[in-house]
Amino acid sequence: MASVLANRPDDCEIIVVLARPYEDPYDVKGEVEFVTAQPQGGPVEAMNLGIRRARAPLIHVLRCGVEVEEGWADAAINRLRDPRVWAVAPLVVESENPARIVAAGVAYHVGGSVVPLAAGGAADSVGNRCRRVLAPHPAAAFYRKTTWESLGGFDPGLGDQLAWVDAGLALERCGLLTVLEPGCRVRASRRCAAPASAFRQALESEQLFWRWAGRLGRGRSVAAHALMLLGEAARGMLNLSVAPRTTGRLAGAWLAMRRRAPSRPDLRSLSPPPSANGSMPSSRAA
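Take the sequence shown: its position 101, counted from the start at 1, is 101 in my numbering, and no numbers get skipped.
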């Protein structure tokens, strides 16, 4: 939070969502609004709460521990002037080695895997060109609040790694874009959040897969998913995670069949008008 306070843009509000009341030993309550979330809620519920409390039309989400520098938000804000763009993914680089990439946005493969783009690559290799991605990395993102409201918020049932992917898939179908802005860089550790258990990861991943398999081509998706599961099982034999992952997959598939996706408004109304702000790459990074 210190780097945000030191480098924040003019005319912005800073909201910090906490799991318990904060005593504010540094006396920053005049600069920061502290919001206490429900104890039983998770990171996605906290994110939804913070965005609802915000008054600004553009929202910047940062995970705890992510660092920024002066002017980091300028390029991302300029991208959101294009009505086709609903989210901007910063280039996330390592705190310990800023020349190395944590993620340049994320991609979703039809078999059900989520992949951080350019992870481990050289930051300079990305260049300066804006490009389409499916969703930002969970460490940092910019969103247009009105679009988030139309979506109904992020789905907590998919967890803090996949809720943003679900939103990206939903809004991509409406013609709205998420773009990587290399001119916006933030620093984060490679593990900016504690990983969920193998069971929880598999449970949430399986629910996301079955939610979107029919819309992305069921036959192709199921075939690719089967291959992915075989590879996952082989890796699980080596690290002893095969049992919890298999149980999580079965539970996730069962929940996906029983539970309807969250009720959302007719998102076709969000389809943007043609923009005169210049062309945008027509394909997502992969």
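Just so you know, the hints here were simulated from the structure itself, not pulled from any lab data.
Every value quoted in this text rests on a predicted model; they were computed, and no experiment measured them.
Heads up, the beta-carbon is just placed ideally off N, CA and C, and yes, glycines get one too.
Honestly, I wouldn't trust all of these hints.
[Stated by the list, open to error] Label-pair restraints from in silico Cβ distances:
#, residue 1, residue 2, range
1, L238, I77, 21 to 27 Å
2, A226, P195, 37 to 43 Å
3, V28, G219, 50 to 56 Å
4, G127, G71, 28 to 34 Å
5, R55, S125, 35 to 41 Å
Here is what the structure says about each hint:
no. : hint                    : verdict
1   : L238 / I77: 21 to 27 Å  : violated (45 Å)
2   : A226 / P195: 37 to 43 Å : violated (25 Å)
3   : V28 / G219: 50 to 56 Å  : holds (55 Å)
4   : G127 / G71: 28 to 34 Å  : violated (19 Å)
5   : R55 / S125: 35 to 41 Å  : holds (38 Å)
Hints 1, 2 and 4, counting from the list given before, are not met by this structure.
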